[in-house]
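Trainee: Chain by chain, the residues run as shown.
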Amino acid sequence: ETGVTQSPTHLIKTRGQQVTLRCSSQSGHNTVSWYQQALGQGPQFIFQYYREEENGRGNFPPRFSGLQFPNYSSELNVNALELDDSALYLCASSTRQGAVSGYTFGSGTRLTVV
Amino acid sequence: AQSVTQPDIHITVSEGASLELRCNYSYGATPYLFWYVQSPGQGLQLLLKYFSGDTLVQGIKGFEAEFKRSQSSFNLRKPSVHWSDAAEYFCAVSTGTASKLTFGTGTRLQVTL
Chain F
1 ETGVTQSPTH
11 LIKTRGQQVT
21 LRCSSQSGHN
31 TVSWYQQALG
41 QGPQFIFQYY
51 REEENGRGNF
61 PPRFSGLQFP
71 NYSSELNVNA
81 LELDDSALYL
91 CASSTRQGAV
101 SGYTFGSGTR
111 LTVV
Chain Y
1001 AQSVTQPDIH
1011 ITVSEGASLE
1021 LRCNYSYGAT
1031 PYLFWYVQSP
1041 GQGLQLLLKY
1051 FSGDTLVQGI
1061 KGFEAEFKRS
1071 QSSFNLRKPS
1081 VHWSDAAEYF
1091 CAVSTGTASK
1101 LTFGTGTRLQ
1111 VTL
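Residue numbers (our numbering), protein chains in the order written: chain F, 1 to 114; chain Y, 1001 to 1113.
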């Protein structure tokens, strides 16, 4: 059973740039959720993808967008980066009933916007 | 909307001492409740979860938690802490089996030898 892999592990971007973060999905899982964890805070839900469709979104602006691929891996795209976007971005894969079956989290991507 | 409060930002305990981390939630019905642990630079690992039934749930690494509906609480306990338990602990709730997780702000546990 493979876990969840996120790439890259760290990156630095300049304000106004765009960034793409990637997340694999654990074997047998068809749902991916993305969370933003600012320093000293708990993770905040960005959105969830189920079978390649967005299926729930948190309080994040449209410049946060995503994709899910047929193999259930996922991308998080952020346009027009702002300094406040600096955070650890976590993805979690699960089955549709994640709360029952369990969420498997990746180790995250640390994004720094300068 | 649901919310989670972890009143203790930072707790220090001696190795071998008992531990209790507090968690209170706000939600109209009984939510699904979770405790996660995060080591530095790592993702989140599930310690235990509660859906229904017995209000005392056992988890991994010797942790347990008790759901108290009257107090809207789900406190995490461990009878004897090990130095390797030093980490950040997050309580989370979900309002449905397919719903998002709402996390508290976390409690940082420091263990002194």
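By construction, these hints were calculated from the structure, which means they are not laboratory data. From a predicted model like this one, the values you see are computed outputs, not experimental measurements. Treat each hint with caution, since some may be false.
Simulated restraints, written as ranges between beta carbons of each label pair [as the list claims (entries may be wrong)]: (1) F:Gly-102 x Y:Thr-1005: 19 to 29 angstroms; (2) Y:Ser-1014 x F:Gly-56: 20 to 30 angstroms; (3) F:Gly-102 x Y:Pro-1040: 17 to 27 angstroms; (4) F:Val-100 x Y:Thr-1105: 40 to 50 angstroms; (5) Y:Gly-1062 x F:Gly-102: 31 to 41 angstroms.
Backbone N, C-alpha and C define an ideal beta-carbon position, used for all residues, glycine too.
Trainee: All the hints need checking, so say for each whether the structure fits it.
Mentor: Hints and how they fare:
1. Judged by the Cβ atoms, the range 19 to 29 angstroms given for F:Gly-102 and Y:Thr-1005 holds: they are separated by roughly 24 angstroms.
2. At roughly 43 angstroms, the beta carbons of Y:Ser-1014 and F:Gly-56 sit outside the given window of 20 to 30 angstroms.
3. Against the hinted window of 17 to 27 angstroms, the Cβ-Cβ separation of F:Gly-102 and Y:Pro-1040 comes to about 23 angstroms, which satisfies the hint.
4. Between F:Val-100 and Y:Thr-1105 the CB atoms are about 26 angstroms apart, so this pair departs from the stated range of 40 to 50 angstroms.
5. Under the hint 31 to 41 angstroms, the C-beta atoms of Y:Gly-1062 and F:Gly-102, about 19 angstroms apart, miss the expected range.
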